[in-house]
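The residues making up each chain are set out below.
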Amino acid sequence: MKNFISNLGYFLKEARTIFRIDFLSNVFSIFSIGLVFFILSMVISGWWISKEVVEVLQKEAEINIYFEENLEDLRIYNLMENIKNIKGVREAKLVDREESYRRMEEILDKEARILELFDENPFQPFIEVKIDIEQVDEILEDIKSLEDIDYIRDNKDIIDKLQKIITVLTIVGLLIITATGISTLVVISHIIRQGIYNNRDQINTLKLLGAPDSFIGFPFLLEGLFLTLVGGILAFGLIFFTFKLGYEQIGTALLFVPLPNMEVLVKTIGSFILILSGILGIIGSFFGLSSAKGN
Amino acid sequence: MIEAKGVYLVYGNGTEALKDVNLKIEKGDIVYITGPSGSGKTSLLKLFMGIEYPTKGELKVLDLPIIKEEENNIRKLRRLIGPVFQEFKLIKGRTALENVMLGLRFLNLPHRKIKEESIMALEKVGLGHKRDSLVEHLSFGETQRVAIARAVVRKPAIILADEPTGNLDIDNALNIMNLLTSFRDEDTAVIITTHATHLLEDRVEGKFIKVNNGVIAVESRGEA
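Residue numbers (this note's numbering), protein chains in the order written: chain A, 93 to 387; chain B, 13 to 236.
Keep in mind the hints are simulated off the structure, nothing from the lab. Beta carbons are placed, not taken as given, at the ideal position from N, Cα and C, and that holds for glycine. Honestly, I wouldn't trust all of these hints.
[Stated by the list, open to error] Computed footprint of chain A on chain B; a stretch qualifies when at least three of its residues, placed anywhere within it, have a C-beta under 8 angstroms from a C-beta of chain A:
#	region
1	80-90
2	93-101
[Said to hold, decoys possible] Below, a list of computed lysine-lysine pairs in the DSS-like style, where the Cα atoms sit at most 30 angstroms apart:
#	chain 1	residue 1	chain 2	residue 2
3	A	K299	B	K80
4	B	K104	B	K88
5	B	K222	A	K299
6	A	K299	B	K72
7	B	K125	B	K167
Whenever a hint applies, use it, and build me the whole structure from the sequences.
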């Protein structure tokens with residue numbers, strides 16, 4: 093350890109020299125690694141945003157229960173109490189005709205004038221039931237068995253589709269993370285091998301002088317770490333600008349999409365990429381060194 | 013210090029480089045290994061450094077057996093030897109001082125000590141003023157002196173110099189020869205290979221090993 097610390101300056105200088113010897117190739121490698129990490133970040137971000145959207149939608153998951161016309165208030169009250177007692181129901185609220193009309197006005201916004209064409213309020217009262225989406229099938233079964241129910245409107249199809257999308261995104265995300273990890277490892281270990289080949293005379297001399305493998309290999313490990321970390325920082329910069337631009341564009345165009353906080357997203361993804369780049373840099377360098385050892 | 017008993021070295025292509033080598037080199041010896049090109053001089057040095065292993069026979073250098081299975085010991089052995097290679101093997105893009113310091117870097121010494129010892133070694137070979145010059149900017153003779161400084165800086169038990177006078181005129185060759193032998197002391201043996209036998213005519217002490225077709229003959233002169 094003492095020997096390592098006293099040679100730290102030498103190791104850093106050697107790593108810099110190794111980098112300079114194959115400068116252009118190393119610069120291109122940094123860009124490649126940066127882009128690989130950028131793609132990875134975008135996939136993770138896409139996965140995260142979709143997951144968040146689905147979670148928000150899940151929380152908002154509701155079914156609307158329309159009851160028989162002219163049902164007495166007491167029976168409506170009893171019906172609501174029965175619904176509230178069903179397992180998985182979080183909230184049940186009566187939405188009367190006026191409230192339905194007002195909500196439609198809000199949805200239609202400038203087009204709400206169309207409602208003025210009706211002589212009477214065309215909307216019916218209903219019971220709005222917030223539910224735990226995972227128990228939707230059981231809840232629907234229980235509700236159907238109740239009396240006085242005319243019609244049930246659920247959004248299960250949409251939620252199911254979103255859940256399928258998130259499953260596919262998770263699988264694709266994991267595949268891309270794996271592919272990116274392997275690509276980075278291959279690129280790094282290849283660069284290290286190239287560096288070892290370019291410095292073979294020097295390595296041979298060090299061996300003849302009795303230098304241990306750790307002493308010979310450490311500058312190459314530093315070089316690999318440097319390449320991936322700079323690649324990671326490059327990806328971080330790209331993520332920041334892409335998100336800034338993306339949030340400005342998407343945020344205003346798709347107001348109804350509940351996007352996660354940009355600052356949190358960038359910080360989390362950026363930290364993840366930087367940590368990952370360090371880990372992959374060290375692993376890739378070890379691969380490169382051990383695969384070149386026999387030669 | 014070095015003991016060879018019935019050592020043979022046969023290369024992979026079947027070339028018999030050394031045959032039945034028996035010799036003993038003690039602390040403080042000066043040893044000159046002579047012979048024409050391809051006679052086996054360098055092969056002998058390669059055995060001493062653990063670059064090659066005996067095909068047959070027994071070889072011990074500094075009490076360490078030279079066998080393939082002892083790779084870690086070979087590394088340790090190399091740290092106790094100061095080699096001057098025929099082609100110098102200095103690291104380009106680094107200064108004379110950095111190259112000399114390389115000989116000490118992995119010997120668990122503090123940085124300041126490494127630097128001080130390296131500067132002293134460069135001064136001993138007359139290159140103190142060129143310590144910050146890149147090795148590729150030095151003349152042939154200066155480069156050779158840097159290589160010698162790198163070998164002696166670690167105060168090795170054995171200095172091994174392979175054809176150090178190779179491309180030098182007679183005056184410079186004698187200077188290098190004298191410089192190398194000046195590092196011999198009671199704990200340090202100096203082993204030099206050369207094909208220029210005329211450089212040894214006036215040497216009055218040392219062991220003279222003639223190598224011819226892989227066969228060696230040892231002659232001792234003087235007290236050493």
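Now for the hints, and whether the structure bears them out:
| no. | hint | result |
| --- | --- | --- |
| 1 | 80-90 | holds (count 4) |
| 2 | 93-101 | holds (count 4) |
| 3 | A:K299 - B:K80 | holds, 15 angstroms |
| 4 | B:K104 - B:K88 | holds, 25 angstroms |
| 5 | B:K222 - A:K299 | holds, 29 angstroms |
| 6 | A:K299 - B:K72 | holds, 20 angstroms |
| 7 | B:K125 - B:K167 | holds, 13 angstroms |
Of the numbered hints listed earlier, not one is contradicted by the structure.
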